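Asks: Just so you know, the sequences run in chain order C and X.
In this text, residue positions in the first sequence follow the numbering used here: the first is 1, and each later residue adds one.
In this text, residue positions in the second sequence follow the numbering used here: the first is 1, and each later residue adds one.
Hints in this document: simulated from the structure, not taken from any laboratory.
Please note that a few of the clues may not be correct.
No copy labels: a pair is met if it fits in one copy or bridges any two.
Stated by the list, open to error - Derived SDA-like pairs (lysine to any residue); straight-line CA-CA distance at most 20 Å:
no., residue 1, residue 2
1, Lys384, Arg367
2, Lys138, Ala182
3, Lys75, Ile305
4, Lys138, Ala264
5, Lys75, Gly238
6, Lys75, Arg65
7, Lys384, Arg348
8, Lys384, Glu394
9, Lys138, Asn81
10, Lys75, Val206
11, Lys138, Glu36
12, Lys138, Glu42
Please read all numbers here as calculations on a predicted model, not as lab measurements.
For reference, the chains in residue letters:
2 protein chains.
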Amino acid sequence: MGDGDTTLDAPAAAAGGGAKTSLTARAVDFPRWYQEVVARAEMADNGPVRGSMVIRPWGYGIWERLQWAIDERIKAAGAHNAYFPLFIPEAFMRLEAEHVEGFDPELWMVTRGGGRELEEPVVVRPTSETVINHFFAKWIQSHRDLPLLVNQWCNVARWELRPRLFLRTTEFLWQEGHTAHADEEGARAYALRILTDVYRDAMEEVAAVPVLVGHKTARERFAGAVRTWTCEAMMGDGKALQMGTSHELGQNFARAFDIQYADAAGGMRHVWQTSWGASTRLIGALIMTHGDDFGLRLPPALAPIEVVVLCVREDEAVRRAAGTLADELRHSGRRVHLDDRTDTGFGRRSVDWELKGVPVRVEIGPRDLGEGKATVVTRHRRTKELVGLSSVRETVERICGCAAAELRNEALAFRTARTATVASMAETLEAGVAGFARVPWRVVGDAGELELASESLSVRCLQRHDGGLAAGGEADDELVAVVGRSY
Amino acid sequence: MGDGDTTLDAPAAAAGGGAKTSLTARAVDFPRWYQEVVARAEMADNGPVRGSMVIRPWGYGIWERLQWAIDERIKAAGAHNAYFPLFIPEAFMRLEAEHVEGFDPELWMVTRGGGRELEEPVVVRPTSETVINHFFAKWIQSHRDLPLLVNQWCNVARWELRPRLFLRTTEFLWQEGHTAHADEEGARAYALRILTDVYRDAMEEVAAVPVLVGHKTARERFAGAVRTWTCEAMMGDGKALQMGTSHELGQNFARAFDIQYADAAGGMRHVWQTSWGASTRLIGALIMTHGDDFGLRLPPALAPIEVVVLCVREDEAVRRAAGTLADELRHSGRRVHLDDRTDTGFGRRSVDWELKGVPVRVEIGPRDLGEGKATVVTRHRRTKELVGLSSVRETVERICGCAAAELRNEALAFRTARTATVASMAETLEAGVAGFARVPWRVVGDAGELELASESLSVRCLQRHDGGLAAGGEADDELVAVVGRSY
Numbered sequence: 001m002g003d004g005d006t007t008l009d010a011p012a013a014a015a016g017g018g019a020k021t022s023l024t025a026r027a028v029d030f031p032r033w034y035q036e037v038v039a040r041a042e043m044a045d046n047g048p049v050r051g052s053m054v055i056r057p058w059g060y061g062i063w064e065r066l067q068w069a070i071d072e073r074i075k076a077a078g079a080h081n082a083y084f085p086l087f088i089p090e091a092f093m094r095l096e097a098e099h100v101e102g103f104d105p106e107l108w109m110v111t112r113g114g115g116r117e118l119e120e121p122v123v124v125r126p127t128s129e130t131v132i133n134h135f136f137a138k139w140i141q142s143h144r145d146l147p148l149l150v151n152q153w154c155n156v157a158r159w160e161l162r163p164r165l166f167l168r169t170t171e172f173l174w175q176e177g178h179t180a181h182a183d184e185e186g187a188r189a190y191a192l193r194i195l196t197d198v199y200r201d202a203m204e205e206v207a208a209v210p211v212l213v214g215h216k217t218a219r220e221r222f223a224g225a226v227r228t229w230t231c232e233a234m235m236g237d238g239k240a241l242q243m244g245t246s247h248e249l250g251q252n253f254a255r256a257f258d259i260q261y262a263d264a265a266g267g268m269r270h271v272w273q274t275s276w277g278a279s280t281r282l283i284g285a286l287i288m289t290h291g292d293d294f295g296l297r298l299p300p301a302l303a304p305i306e307v308v309v310l311c312v313r314e315d316e317a318v319r320r321a322a323g324t325l326a327d328e329l330r331h332s333g334r335r336v337h338l339d340d341r342t343d344t345g346f347g348r349r350s351v352d353w354e355l356k357g358v359p360v361r362v363e364i365g366p367r368d369l370g371e372g373k374a375t376v377v378t379r380h381r382r383t384k385e386l387v388g389l390s391s392v393r394e395t396v397e398r399i400c401g402c403a404a405a406e407l408r409n410e411a412l413a414f415r416t417a418r419t420a421t422v423a424s425m426a427e428t429l430e431a432g433v434a435g436f437a438r439v440p441w442r443v444v445g446d447a448g449e450l451e452l453a454s455e456s457l458s459v460r461c462l463q464r465h466d467g468g469l470a471a472g473g474e475a476d477d478e479l480v481a482v483v484g485r486s487y
Numbered sequence: 001m002g003d004g005d006t007t008l009d010a011p012a013a014a015a016g017g018g019a020k021t022s023l024t025a026r027a028v029d030f031p032r033w034y035q036e037v038v039a040r041a042e043m044a045d046n047g048p049v050r051g052s053m054v055i056r057p058w059g060y061g062i063w064e065r066l067q068w069a070i071d072e073r074i075k076a077a078g079a080h081n082a083y084f085p086l087f088i089p090e091a092f093m094r095l096e097a098e099h100v101e102g103f104d105p106e107l108w109m110v111t112r113g114g115g116r117e118l119e120e121p122v123v124v125r126p127t128s129e130t131v132i133n134h135f136f137a138k139w140i141q142s143h144r145d146l147p148l149l150v151n152q153w154c155n156v157a158r159w160e161l162r163p164r165l166f167l168r169t170t171e172f173l174w175q176e177g178h179t180a181h182a183d184e185e186g187a188r189a190y191a192l193r194i195l196t197d198v199y200r201d202a203m204e205e206v207a208a209v210p211v212l213v214g215h216k217t218a219r220e221r222f223a224g225a226v227r228t229w230t231c232e233a234m235m236g237d238g239k240a241l242q243m244g245t246s247h248e249l250g251q252n253f254a255r256a257f258d259i260q261y262a263d264a265a266g267g268m269r270h271v272w273q274t275s276w277g278a279s280t281r282l283i284g285a286l287i288m289t290h291g292d293d294f295g296l297r298l299p300p301a302l303a304p305i306e307v308v309v310l311c312v313r314e315d316e317a318v319r320r321a322a323g324t325l326a327d328e329l330r331h332s333g334r335r336v337h338l339d340d341r342t343d344t345g346f347g348r349r350s351v352d353w354e355l356k357g358v359p360v361r362v363e364i365g366p367r368d369l370g371e372g373k374a375t376v377v378t379r380h381r382r383t384k385e386l387v388g389l390s391s392v393r394e395t396v397e398r399i400c401g402c403a404a405a406e407l408r409n410e411a412l413a414f415r416t417a418r419t420a421t422v423a424s425m426a427e428t429l430e431a432g433v434a435g436f437a438r439v440p441w442r443v444v445g446d447a448g449e450l451e452l453a454s455e456s457l458s459v460r461c462l463q464r465h466d467g468g469l470a471a472g473g474e475a476d477d478e479l480v481a482v483v484g485r486s487y
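Okay, chain C solo, but in the shape it has when bound:
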């Protein structure tokens, strides 16, 4: 090993002891690669009931950090967390016609409880608009009660025909926000605030996943909403993933659940509402955006372990130096794990930490230690450098400080390379298969959407030409449609 940066040979750990990664290459079979990363990085397992999921500690540790990032931003936007029941009377689901149509085939029904048939079956919540609005009708009396801003972190259940870990599971974890406002402008502004200040910011700044923002076509919007705002990201295979949505519900639920408030003059008015959600599917997005042929790559802020210090082999001096170094890195505030399981080969362990996406590995072996040095490996670039022990801390800080930005830039460059600006349906169909096609919405329209659907493509969102939100009610022919295949 020489000084300075060295790009690792593939696979990373071949030099370390003969273990190999043996992941399917992404270019060969992306879905299979995804499945292998989820399993081998110990992110999740299939549950015993079809389509259900066990989120293992490594996956859940990432989810906790995503949750904290989103929760912090939700609180900054003034919403308070609460909790509404899992079981919803079937009758509630029928109160808002479009909403029920949207969810009917997806419902899980409880028909027995306490050893008897229930008099009325109950639905396991697929989302909580109905039950929350039932309570909003009780809680909201006066304009003084508005805006009412609540959020809940919970599980929801939806029947899935083609389940896939993190991306589509019968049960998933999410947050769902529900708000009521005195007027349409207040509701719209809040839906947009959530879209940009909560979702886009958490996704780009914390998860390092660049997103496009825009609104859905009538065909693609949430059942019961008048407008659905969305964050869309491009995965490593060029397909789109919907990362989070924020809905303007207008007065649809307010009328169905009779949510009225007395205005300052004493007149009764229906509220205007929003709802918005982001789920464990973000973990799938993280894997598919940043993952490479060697496994996961995690931005440090989301990594349950930021730095792993590995003892290359059993040696008292190595063990002591590794312990000291781990403590030193912990003192600088990093989440550090000391891997001294020298009864397992170094190569095997090194590959496993690479698979799990730990941002930095510090490898300490007797030979390097004899020269007062250790090898620092940067996961996202797959480079290693031999540095003096006294410089390890500084090196780790440098890597952790730039990893997220470099991952984000890489994903952005990939998306840019796979995005084509086109002017016809024929070009759209071609470009949409490889990545995103940006095409004037007037070229697509309702009829074009049907044609796209027949090719498994869809309009992911509508934007202004400059990528901005069409929040001012721009005319249809000023809009650009972003077209792609989607998860």
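Following the hints, complete the assembly by docking chain X onto the known chain C.
Replies: What follows is chain X alone, placed relative to chain C:
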């Protein structure tokens, strides 16, 4: 208003504008008082499905802080969070005979999904031993995989005949920890570590609720456990509430689910296990331990708002001073709310904050402000003091610094006063109705437990004479039984 400490007249806000608390007195009807506090402090509502619960933002804000306190301690004990599915195949529930008998009458069953009858009905988890042990059997191969320490925060559903908000609801939120160890000693030590370092510590140090620790009799222990350790607290009506339990499961589930590991010599052995849980019922305990006739009293660490700064009435100088003071208190790290809703009477608002249990109220009115002063009200003592504006911060810090200890001492004194050390069944029956009876376990025994049950009493836990844990397998006649009525 004079200087120095003044105990408030009842109700607190009578002087402030004629509003009154109008809670039922605890001594008159404790259950009704409880119900009123839950409703009036906006802690929770009954859900639309019988026995279900909506946790409103004020209640949930308290739960979040309890969660953080418990989660921090669970992580310090080395366990990692994960998530297992809500839906459990019915067959899983039948694998451990005693376990299934314990839960059969409480199960909620899903029989329909995706618009069809399910081939196999699934159970909505009442607890997750079965599904988690199914995965432990897959994940555990070698002694290197042990101990395996996982925890999950989730909802569970159990049929309840007599539901009561926070205390007994068909669905509740909790954490459930599940661990596997190489030997019996490891499992027992971990079950005890959770009992004392996680539960007892969080309850006493954070919630300020003193608890007794001990183990359950065979009659009272968890279905499927070989020993159940428990924290028991005395509520304001003298009844006991089980606050959290930690179970030694022995090898019951290990055999039922065939969880084996290869020891260092290559021999196959069944693991030894624990499980442990604490739930939203802790919020009920908090209300019933610290609440008084004016509402809730919260230890600052659990209060969503620690200090409310109230503008007594509309006045530009008052508003400005209140804003400045609120900012100053925020700077010292407190959670502060500025209540400037002067279109609502000061008395009404004052009573509401008292009901919600906010630890400190700072009241600013034009007259006091003219003298450069504000009134600081200590919720848990119901005392007020007129202090100079420049001393408010220091006064608030002093109150927040001692509130938890004072609440804990008060609860401890109450429990001590209501606990009788007795030597016969007759005395036990008498003392147990008013509070706790401490009686030698040999006086009670299995036959005595039946007699207690006929009087709605039960053995809450078994301890050593000195209140310590009988963790060394003490002989039966060295044990003391704590007897009381329970929630």
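Asks: As a check of your reading, is Lys138 near Asn81 (CA-CA no more than 20 Å) within one copy, between copies, both or neither?
Replies: For Lys138 and Asn81, only the intra-copy Cα distance (18 Å) is at most 20 Å; the inter-copy one is 36 Å.
Asks: When no copy is named, should Lys75 and Val206 be tagged within, between, both, or neither for a Cα gap of at most 20 Å?
Replies: Answer is within; shortest intra-copy Cα gap is 16 Å, inter-copy 23 Å.
Asks: Treating 20 Å as the Cα threshold, decide for Lys75 and Gly238: within, between, both or neither.
Replies: Classified as neither; 34 Å inside a copy, 38 Å across copies.
Asks: Is it within, between, both, or neither for Lys138 and Glu36, if the alpha carbons may be no more than 20 Å apart?
Replies: between (49 Å within a copy, 17 Å between copies)
Asks: Please sort Lys75 with Ile305 into within, between, both or neither, judging by C-alpha distance up to 20 Å.
Replies: Only across copies: Lys75 and Ile305 sit 14 Å apart there, 26 Å inside one copy, limit 20 Å.
Asks: Indicate which option fits the pair Lys75, Arg65 if close means a Cα-Cα distance not exceeding 20 Å: within, between, both or neither.
Replies: both (15 Å within a copy, 14 Å between copies)
Asks: From the Cα coordinates, with 20 Å as the cut-off, is the pair Lys138 and Ala264 best called within, between, both, or neither?
Replies: Answer is within: at 19 Å inside a copy they meet the 20 Å cutoff, but 63 Å across does not.
Asks: Treating 20 Å as the Cα threshold, decide for Lys384 and Glu394: within, between, both or neither.
Replies: Classified as within: same-chain Cα gap 15 Å, cross-chain 53 Å, threshold 20 Å.
Asks: Go through the copies and call it for Lys384 and Arg367: within, between, both or neither, with a Cα cutoff of 20 Å.
Replies: Result: close within a single copy only, 16 Å intra versus 70 Å inter.
Asks: How would you label the pair Lys138, Glu42 (within, between, both, or neither) given a Cα cut-off of 20 Å?
Replies: Only across copies: Lys138 and Glu42 sit 12 Å apart there, 45 Å inside one copy, limit 20 Å.
Asks: At 20 Å max between alpha carbons, let me know whether Lys384 reaches Arg348 within a copy, between copies, both or neither.
Replies: within (18 Å within a copy, 66 Å between copies)
Asks: With 20 Å as the alpha-carbon cut-off, assign the pair Lys138 and Ala182 to within, between, both or neither.
Replies: For Lys138 and Ala182, the Cα distance is within 20 Å only inside one copy (16 Å; across copies 54 Å).
Hint compliance for this structure: hint 5 alone is broken.
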